[in-house]
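S.K.: Chains as they are written, first to last, in my numbering: chain R, 1 to 346; chain W, 1 to 346; chain F, 1 to 346; chain X, 1 to 346.
To be clear, the hints were calculated from the coordinates, so they are not data collected in a lab. Treat each hint with caution, since some may be false.
Identical copies go unnamed one by one, so any copy, or any two together, can satisfy a pair.
Unchecked claim - Below 27 Å or equal to it, Euclidean Cα-Cα: the simulated BS3-like pairs (lysine-lysine) are: (1) K158 / K314; (2) K162 / K267; (3) K251 / K314; (4) K162 / K314; (5) K89 / K162; (6) K299 / K51; (7) K149 / K22; (8) K339 / K22; (9) K216 / K162.
Just so it is clear, the structure is predicted and the values come from calculations on it, not from any experiment.
Number of protein chains: 4
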Amino acid sequence: MIYFRSDYSQGAHPKVMEALAKTNLEHTDGYCMDPHCENAARMIRELIGVKDCAVHMMVGGTPCNVTVIAASLRPYEAVIAVRSGHAYKHETGAVEATGHRVIAMDSTDGKLTPELIDRAMEEYDDEHTPLPRMAYISQPTEIGSLYSKAEMTALRDKCREKDLLLYVDGARLGSALTSDKNDLSIEELARLCDAFYIGGTKNGALFGEALVILNKAMDDHFRFMIKRQCGLLAKGRLIGVQVEALLEGGKDSIYFEMPARANRLAKRLRDGLSALGVSFYSESQTNQIFPVLPAATVKELEKDFFFYEWAPEKEGMIPIRLVTGWGSEESDVDAFLEKAGELLGK
Amino acid sequence: MIYFRSDYSQGAHPKVMEALAKTNLEHTDGYCMDPHCENAARMIRELIGVKDCAVHMMVGGTPCNVTVIAASLRPYEAVIAVRSGHAYKHETGAVEATGHRVIAMDSTDGKLTPELIDRAMEEYDDEHTPLPRMAYISQPTEIGSLYSKAEMTALRDKCREKDLLLYVDGARLGSALTSDKNDLSIEELARLCDAFYIGGTKNGALFGEALVILNKAMDDHFRFMIKRQCGLLAKGRLIGVQVEALLEGGKDSIYFEMPARANRLAKRLRDGLSALGVSFYSESQTNQIFPVLPAATVKELEKDFFFYEWAPEKEGMIPIRLVTGWGSEESDVDAFLEKAGELLGK
Amino acid sequence: MIYFRSDYSQGAHPKVMEALAKTNLEHTDGYCMDPHCENAARMIRELIGVKDCAVHMMVGGTPCNVTVIAASLRPYEAVIAVRSGHAYKHETGAVEATGHRVIAMDSTDGKLTPELIDRAMEEYDDEHTPLPRMAYISQPTEIGSLYSKAEMTALRDKCREKDLLLYVDGARLGSALTSDKNDLSIEELARLCDAFYIGGTKNGALFGEALVILNKAMDDHFRFMIKRQCGLLAKGRLIGVQVEALLEGGKDSIYFEMPARANRLAKRLRDGLSALGVSFYSESQTNQIFPVLPAATVKELEKDFFFYEWAPEKEGMIPIRLVTGWGSEESDVDAFLEKAGELLGK
Amino acid sequence: MIYFRSDYSQGAHPKVMEALAKTNLEHTDGYCMDPHCENAARMIRELIGVKDCAVHMMVGGTPCNVTVIAASLRPYEAVIAVRSGHAYKHETGAVEATGHRVIAMDSTDGKLTPELIDRAMEEYDDEHTPLPRMAYISQPTEIGSLYSKAEMTALRDKCREKDLLLYVDGARLGSALTSDKNDLSIEELARLCDAFYIGGTKNGALFGEALVILNKAMDDHFRFMIKRQCGLLAKGRLIGVQVEALLEGGKDSIYFEMPARANRLAKRLRDGLSALGVSFYSESQTNQIFPVLPAATVKELEKDFFFYEWAPEKEGMIPIRLVTGWGSEESDVDAFLEKAGELLGK
């Protein structure tokens with residue numbers, strides 16, 4: 001079985017494993033109050049060129065999203081997201097569990113736009129509705145598309161106009177930053193939003209994400225919030241150690257090298273499938289692609305390959321999701337293309 | 001600096017690290033839907049001699065406590081605990097965050113008793129108060145004491161009488177099971193409570209606890225609850241792999257060996273300090289001890305040893321907590337005793 | 001200024017005021033544990049022909065909706081409603097405040113349909129999404145349309161198929177029951193849903209709604225839930241007394257007489273406006289109508305009449321909401337029609 | 001049956017009923033956006049001598065307490081109260097339902113003191129505990145005792161020192177203000193706390209309390225919070241109309257006259273029982289008294305009088321609560337004293 005299921009189906013990059021092994025016998029204080037977390041935070045501040053932001057080591061993406069939202073919003077406030085956004089679509093109502101509505105806006109390309117924000121604000125216009133207070137987006141989006149620098153700037157401007165915080169879910173941020181189509185650097189991103197996270201789980205860590213809070217008002221007593229939301233890891237240094245390993249070398253680190261490679265493999269898949277006449281559910285520019293295949297072909301492919309069916313069958317066709325990860329191999333891609341070619345009779 | 005700070009100041013037992021390294025390149029499905037989690041659950045069912053209980057791999061102790069409580073109680077229901085109980089004392093209101101009161105009962109030895117339950121039930125007696133529905137205890141307690149088999153049985157009986165669920169926080173369960181004073185086996189524990197967890201974080205894992213739910217009614221849609229409470233790990237197999245490594249060999253596994261050794265070192269500390277005339281804050285029978293020392297001695301010891309002051313200074317004396325872990329050394333203990341002896345002039 | 005603002009702009013029907021005055025000096029126990037609440041519940045059970053349902057006297061509609069949802073759903077469960085539904089649209093996130101998502105489905109006629117439920121169930125299909133568990137509807141809908149007996153039956157069947165509870169917000173139930181177009185009696189309604197409420201606030205009471213719970217599982221410890229959600233009135237009998245006054249005489253009571261009259265006045269308005277060539281935003285069959293008028297006409301009418309603009313101006317036209325209440329007069333209607341006729345040049 | 005059950009066992013003072021009847025046919029806007037609520041707020045500002053505070057008309061006491069707490073605290077923050085405090089003891093966990101712990105401190109006289117606050121702050125001292133942020137008290141307390149001006153000032157000072165908000169539950173404020181023992185005027189109270197409410201339900205209204213928020217930071221978007229917490233009454237003017245009637249005449253209004261009378265009747269009861277050799281559970285100085293009587297006497301009294309047993313029988317004695325209200329009669333008191341005298345053989 002070859003996995004295109006997700007970018008978290010394997011363990012960690014060997015360098016991450018080495019770092020964990022090497023530091024294993026150190027004694028440190030718990031709950032992210034240790035030198036590794038401190039150093040990892042320093043490395044991130046340097047990478048993004050912001051000296052005084054807060055950096056918190058978080059266990060996973062959902063804890064990041066939920067803790068940021070619960071910490072930043074007053075009880076009657078709400079988050080605007082696209083319907084496919086992770087915090088709306090894949091978190092079993094974890095945001096609502098903290099008392100906040102996620103306002104889901106329909107979007108064809110996975111992106112939230114100033115127009116969608118305007119539309120949401122029109123619908124939410126008096127004291128009998130929740131008050132929108134944050135825009136939640138992912139870079140790249142859940143369907144692999146990217147916000148350009150111009151789009152992100154326009155979004156930031158709209159957020160300021162409407163008094164919304166702008167939060168960026170960076171579960172696959174490495175993949176965005178290393179996409180051929182990307183024109184938004186991490187330094188620029190950090191200047192255009194109020195908070196974002198640098199995802200580790202989907203980019204070569206065992207687990208862990210580094211949450212960067214640029215807007216100081218959002219960081220007030222944030223560690224209380226992490227604990228209250230059940231996200232404070234006892235051996236918190238494990239996240240610090242992993243982030244150190246991922247970012248060692250800055251822009252030459254494995255944090256950039258891994259997704260660049262995964263993006264190349266995804267492009268190889270996409271190009272190969274395109275050559276077979278396959279069309280796509282979304283214009284993904286990163287390590288996830290969404291080919292639309294005949295249902296019978298999908299069922300046949302599932303015998304050798306493990307991947308998600310992304311949406312229900314419609315007129316005989318099924319959109320699937322193929323994801324490449326840090327450990328994907330060129331041979332995996334070629335095997336898929338060969339089998340698909342056979343099945344499609346090309 | 002020598003650490004008696006906590007049993008989670010180091011990484012994982014070498015066998016755990018080996019297991020993680022060995023399985024690192026495997027591809028598996030995420031979210032604990034993998035063969036390692038399945039196997040770890042099977043090993044636990046065998047260990048406790050219960051065939052059809054649910055076992056969930058959890059990231060940490062607070063997520064265990066909070067998810068169990070939120071999943072098991074109706075909105076108006078409450079938990080009874082002792083004031084020193086972790087879910088009341090050390091979780092920043094994470095239980096209340098899910099809408100439930102923790103009723104804190106004063107206890108001198110860290111234990112909840114049938115009498116304390118009766119007292120709580122008397123105070124909470126009509127529809128203008130929350131309805132107690134769960135007793136939360138820890139084995140061992142937060143201050144190192146143990147429930148005997150007779151005590152646990154009496155508690156279970158009282159819980160049945162009052163229609164309370166009985167949940168056991170097993171963050172340091174290994175330490176209880178291997179204490180000289182323990183007469184309650186894990187098989188017996190599993191028959192006396194509705195749910196408990198086998199703690200990994202404080203017993204040689206990087207992180208992770210195995211939650212065992214004996215009462216099927218409490219397991220309904222539990223995975224939805226884990227996700228909703230932000231506790232579902234993407235690379236969930238990491239917990240399964242660690243539990244496999246910890247429990248390999250059953251009662252001869254490192255899960256039992258490590259705390260037995262830590263208990264012995266704690267006993268050596270306790271006996272050594274007793275010999276120096278030191279008295280103790282609690283009658284701990286596990287890997288945590290609570291000597292009460294002159295404030296000046298404490299301050300001096302803090303130069304070489306890292307530990308918690310457990311309570312504020314009172315009449316010149318400070319109770320401190322010394323914890324031995326899987327990686328503590330006999331030489332650490334001896335160094336402490338030597339220094340304490342010097343300082344106490346013995 | 002003539003009010004078509006809402007059906008709650010005046011106080012209570014004189015008979016309700018009389019009943020309150022007459023019982024004012026009685027001493028009774030509080031919190032709805034009194035003979036009036038008991039009698040009112042008995043009258044309702046008789047009216048709907050169900051002997052053993054629970055009836056709770058509630059302060060208002062939002063408390064009804066929120067308490068029923070919070071009491072009936074487990075934490076990870078969600079409610080399906082139309083986007084214009086009161087619990088989604090006009091309650092400032094009060095449902096989410098209890099941790100539950102309201103899934104908002106787009107509907108053109110204000111009604112939830114089996115097809116919309118199917119669509120929601122398809123979107124919410126695994127453990128990474130909330131689990132839909134209740135369908136929330138209003139009879140009549142927020143835009144004045146009615147569920148026919150056939151539609152309600154189809155909805156009930158779909159709910160059973162999908163294991164959804166069916167809850168009916170009856171804020172204006174009287175208006176539905178007395179509409180010319182209605183074919184669904186209150187007895188039938190009570191057999192087709194799991195819970196509904198008989199609204200008083202918008203039908204001649206000072207305040208108060210009678211919540212009827214047919215599905216016993218939803219009534220477990222419900223009074224705890226009312227108190228926990230801040231909805232238990234100290235002088236609870238006030239609601240019982242009002243319900244008694246409203247329902248005295250059963251189907252010949254003012255509870256039916258008032259909305260029948262308001263519906264007639266609304267129809268007179270609708271017919272009059274139709275005759276002036278005005279079109280309507282919705283096919284309302286009750287005491288709310290939604291004419292679409294030129295913006296300038298609306299602004300002019302607002303000088304003499306008080307009503308809501310229902311949606312933003314679009315292509316020069318504004319849909320407004322005109323509501324008749326128990327105290328509306330024929331002369332109010334005629335004055336509006338005359339003025340509108342003048343302004344529209346007819 | 002004669003009622004000493006509560007001060008809310010009857011309806012409203014005749015002047016309140018008159019005001020409701022007189023304004024019944026007025027049309028006004030809903031949700032407390034009407035001239036009566038506005039005027040009532042103006043009257044309160046004048047009464048307390050504070051020009052720019054916020055005044056909100058609330059349905060009841062629990063909605064006041066819960067909405068203020070939920071609106072003022074960040075998610076990880078907690079409230080300090082005495083164990084007998086209403087928000088802890090009699091609200092079915094409504095505060096916890098909003099995610100906040102109520103820290104219950106033991107107190108013998110029903111009062112929170114600077115010392116109790118210090119003790120709570122010591123227990124809640126790091127990021128693994130909730131952060132105390134508000135002191136909740138009642139004037140008078142649940143057991144009828146009063147804070148003196150000196151005590152309230154000391155409490156305010158301690159709150160400032162510890163960065164706590166000070167909130168006063170004034171369910172029976174009228175009773176405090178008119179007690180013989182009171183030395184704290186409403187003007188002074190308003191200067192010593194951050195928010196308080198002027199209770200109507202227990203002082204001659206059908207329902208309704210006027211919440212006064214002195215600390216502007218606590219009033220931010222408060223109406224959103226009222227609605228979200230299900231407390232915004234559609235016919236909100238009803239509360240305004242009642243408050244107008246209660247406060248007409250300022251210090252000479254029925255708001256002061258009624259509790260002065262009830263206090264006198266309670267004193268007559270207390271003195272009469274004292275003369276019979278009865279002792280008391282608390283030193284109440286208001287309209288609630290807590291005599292401790294032989295169990296057999298209590299059972300006998302319950303045949304003619306309706307009151308609460310306040311605590312379980314202990315050594316043959318039961319503390320009961322007798323409450324006088326606006327409608328209690330001297331003859332009620334005399335009947336009780338006579339019967340008690342007979343039973344006690346005096």
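S.K.: Of all the hints numbered above, which does this structure not satisfy? Sort the numbers upward.
M.R.: 2, 3, 6, 7 and 8
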